[in-house]
Every structure is written in C-alpha cells, then in structure tokens.
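Chains B and C: place on chain A using the hints.
If you read the sequences in order, they're chains A, B and C. The first sequence begins at 1 in the working numbering and counts up one residue at a time. The second sequence begins at 1 in the working numbering and counts up one residue at a time. The third sequence begins at 1 in the working numbering and counts up one residue at a time.
Hints are computed from structural coordinates only; laboratory data are not their basis. Take the hints with a grain of salt, since some may be wrong.
Listed next, with one range per pair, are the computed distances between beta-carbon atoms [said to hold, decoys possible]:
| id | chain 1 | residue 1 | chain 2 | residue 2 | range |
| --- | --- | --- | --- | --- | --- |
| 1 | A | E65 | B | P127 | 25 to 33 Å |
| 2 | B | Q11 | A | E65 | 29 to 37 Å |
| 3 | B | W83 | C | E13 | 41 to 49 Å |
| 4 | B | E74 | C | E65 | 21 to 29 Å |
| 5 | B | Q11 | C | N58 | 46 to 54 Å |
| 6 | C | T35 | A | N129 | 21 to 29 Å |
| 7 | C | D85 | B | T106 | 22 to 30 Å |
| 8 | C | T35 | B | P72 | 45 to 53 Å |
| 9 | C | T106 | A | K31 | 16 to 24 Å |
| 10 | C | Q11 | B | P127 | 43 to 51 Å |
| 11 | A | D23 | B | N76 | 30 to 38 Å |
| 12 | B | D27 | C | E131 | 21 to 29 Å |
| 13 | C | T126 | A | T35 | 45 to 53 Å |
Footprint (simulated), chain B over chain A, 3 or more residues, beta carbon under 8 Å [what the hints assert, rightly or not]:
| id | segment |
| --- | --- |
| 14 | 30-44 |
| 15 | 57-69 |
| 16 | 96-106 |
| 17 | 115-128 |
Ideal Cβ positions, reconstructed from N, Cα and C, are used throughout, including at glycine.
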Amino acid sequence: MSVLHISLSFQTEGRSQMIDITDEIQDALEKNHITEGIANIFVVGSTASISTIENDENLYQDMQEVLEKVIPMEKNWKHHQTWGDENGGSHLRATLFGPGICVPVTKGKLKLGTWQKVVLMDFDTTPRNREIIVTCFS
Amino acid sequence: MSVLHISLSFQTEGRSQMIDITDEIQDALEKNHITEGIANIFVVGSTASISTIENDENLYQDMQEVLEKVIPMEKNWKHHQTWGDENGGSHLRATLFGPGICVPVTKGKLKLGTWQKVVLMDFDTTPRNREIIVTCFS
Amino acid sequence: MSVLHISLSFQTEGRSQMIDITDEIQDALEKNHITEGIANIFVVGSTASISTIENDENLYQDMQEVLEKVIPMEKNWKHHQTWGDENGGSHLRATLFGPGICVPVTKGKLKLGTWQKVVLMDFDTTPRNREIIVTCFS
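So here's chain A without its partners, still in its complex pose (with noise of 0.2 Å):
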C-alpha cells in the first residue's frame, strides 16, 4: 500500500464557473496505475471548492442562482474592509462547499454514478490558475 500525490492544475474564469474534471483526474490516475483504493480530490486555495454535479449547463445555471441568493456577490460583506478585494462572497461560497471529497476507486475506475461528475467550483471574482491535488491510497 503506498500514497501518491498527484498535482493538476486548471485555468479558470472566476465567477463561480464550474468545471467538469472527472476526465483528468481519471486520465491520472491511469497513468500511475492506481487500481484500488481512493482518490482525496482538493483544491488549494480559500476561494474554490470540490463536489459532484451531473455536466449539464442548464444545471450550472441554475447553481449560479442559487449560489446568488443564498450568498450574493455584490453585497457589502465586511471582508471587503480587511483588504479591498470584493471578493467576500467567494470566500463564504468555499467554506460552505469546502475545500475537497474522496471518491473510490475500484478496477482503475473513479467509482461514480453514471451522470455523477468531480466538478471545480472556482467562486473567486478574477480568473484564477488552480492546482488540485490529488492524493492517492493504493
């Protein structure tokens, strides 16, 4: 039994884009021969999260709206006072998502549902390069 980690990373736009990244972290974990075990798929960084989520646009949208009145970007947050940056609803988006999951992995396979993807949530208000971690138990 051993640990890897492998280290991805993704250009994003920001603004709560998600990105379906199931295929590379599979395509990793391929080519390190990683069978049986589990994947720790995390984001480094306070203002993105990980979590599954059918690829469909339409339910991207849909996220954006919830995402908007449940935490909306524009409001005043008093983290807007410690540094200038606008970008207090990023942070809070992250926290409540949190920063990553586990998924099995069995015969070589992320072991999800058929419509079940790994998606990046970037929350922050710029684009953002993003690395991901993937730590593997093999």
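Showing chains B and C alone in chain A's frame:
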C-alpha cells in the same frame, strides 16, 4: 495496511428522505474485522448525499424546511429543459451537501458523538435503490 | 504505510464561533513525524463542523450573517420539541457543513493555500469542549 471496499445497498423513498445508516456501516466494519483506521462513506449517484445528524424525526422535518427554502423542488429549474425529469432541485441539493464523508474508526467503532449518526439523504423525486461504498483503510 | 489517530481538544464559546485550528494540527503532524500522506480532520459531535476559510474576523462575521439567513437560531425548530434544548439550528448547520475534511500533507506541511486555514465551527448554543480526531495516513 490494506484497503477494502464494502458495497451496501439501501432502498429509499427519495423526496429528500433521510436514513440513519450507522448500524449497517458499523456491522460491515465488524464483519470485516476493521479495528483502527478510517471509513470513507460515499454514495454513488448525483442526487444523494452523506452527512451526519442526530436521528430525530423532528429534526429531519426541520431539514426539509431548510432545503425547501434554499433549494425548492417545485421551481422550474433550467435543468428540467435538459431531460424533462423535474429533479433539478435534487441535483443542486446533492452538490451542496456533497457525496461523502470520512469517519475515523477506533477500537472497531465509528468514532462518532453520542447523537451523531451517519445519514443518507436521497434528494431524488422517486424511490431509488442506492449503492453506498464504504472504503476502509486499516 | 501506517495509520495514526491524534486527538486534540478545543474549548469553544459555541454560538457558531469559528476557531482557526491549523497551527495545532500542523504541530501535531510535526510531533508525530508525518511527512507525506493525508490528514482527515473530524469533529466528534452533531453540532460542529470543519471546513477551510481565511482567518479574518470580518469574514467570520459575514459567515454569521449567512448562517442566520439560511438557518436562523431563534426559530422554533421542531427539534426543540424533542429535547427542549433549543439547538435545532445548531444541528442543521452542522449537517450542512459536514463533520470533517481531508487535507493533503506534503513535505511535512498541510498543503493549504496561503490564506486557507482549517476552521472549527461550533454551532452549539453554549460553550463546549470539542474533540478533534486527526487521522493520518503516511
């Protein structure tokens, strides 16, 4: 040290039903002689989630009220245009709560608080048979 | 490869207090010579959560506002009929944020972003002594 995947299945009623699955997971750990390590509990599919909660029917009803306020089911979500399956709210709820959690295992027991139980939340609109993967490292 | 459980305790004020526990976890990793692997950080109990956030008092206040909007504490939750302990909102918040997260450990350090800190959120209505289990695979 070794990894073990245990597959459990649960029949649900959907409609955001919450089911305490702690005993089934604990039984599976004991049957497989897992004593020290961690259990990742993951639900396969994009309209269900795992978290922890006190097993109290009143609290389950409170959660329905929160869910309905934050992500109402009857809303005409854009996702409904994609498949016509009316479960946009189910997907959004599942992404918010996430697909799984890790729970420490010590002395053969899930290391939970007295009232803290592992809960399967099935947000889909109809009854489903759900597969839970319990991945144990010990 | 081995597994290690580290138990840490924190005195909180409850009332959704947010406490940056990054340094205590990092110290525990160093004391136990964990260099490459993962740390699962799990709070025992059904009215507290773990996530990541920037350590900023203004942002913490913003989070209180979001929490109060989504899951108000003063509401007469049905759960209050069960035990009369007035902490229905505490339970609901904890289930929403979840009991724990996994963070990669590389070169002996939690692999967090510059501003990304591990936070204990204690949603209960009174001060509590909280047990955190840090389970390390390395």
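Hint check results:
The given range of 25 to 33 Å is respected by E65/A and P127/B, whose C-beta atoms sit roughly 28 Å from each other. In this structure the hint that Q11/B and E65/A lie 29 to 37 Å apart at CB holds, the actual value being about 32 Å. Separation of W83/B from E13/C is about 47 Å and conforms to the stated range, judged on CB atoms against 41 to 49 Å. At about 27 Å, the beta-carbon gap between E74/B and E65/C stays in the expected band of 21 to 29 Å.
Distance hint check for Q11/B and N58/C: the Cβ-Cβ separation is about 47 Å, which falls inside the suggested range of 46 to 54 Å. For the pair T35/C and N129/A, the beta carbons lie near 27 Å from each other, so the given range of 21 to 29 Å is met. A beta carbon spacing of about 27 Å between D85/C and T106/B agrees with the range 22 to 30 Å that was offered as a hint. At about 48 Å, the beta-carbon gap between T35/C and P72/B stays in the expected band of 45 to 53 Å.
Distance hint for T106/C and K31/A: a CB-CB separation of about 19 Å, consistent with the stated range 16 to 24 Å. Hint check: Q11/C to P127/B, Cβ distance near 45 Å, so the stated range 43 to 51 Å holds. Under the hint 30 to 38 Å, the C-beta atoms of D23/A and N76/B, about 31 Å apart, fit the expected range. Evaluation of the 21 to 29 Å hint for D27/B and E131/C yields a pass: the beta carbon distance comes to about 25 Å.
Distance hint for T126/C and T35/A: a CB-CB separation of about 49 Å, consistent with the stated range 45 to 53 Å. Residue count for the segment 30-44 of chain A with a Cβ under 8 Å from a Cβ of chain B: 3. That meets the three needed, and the coverage hint holds. Taking a C-beta to C-beta cut-off of 8 Å, the segment 57-69 of chain A contributes 7 residues in contact with chain B, enough for the three needed, and the coverage statement holds. As drawn, the segment 96-106 of chain A meets chain B at 8 residues by the rule of a beta-carbon pair under 8 Å; at three or more, the given contact holds.
For the segment 115-128 of chain A, the stated coverage by chain B is satisfied: 4 residues place a CB nearer than 8 Å to a CB of that chain, which reaches the threshold of 3.
Checked against the numbered hints given earlier, the structure satisfies every one of them.
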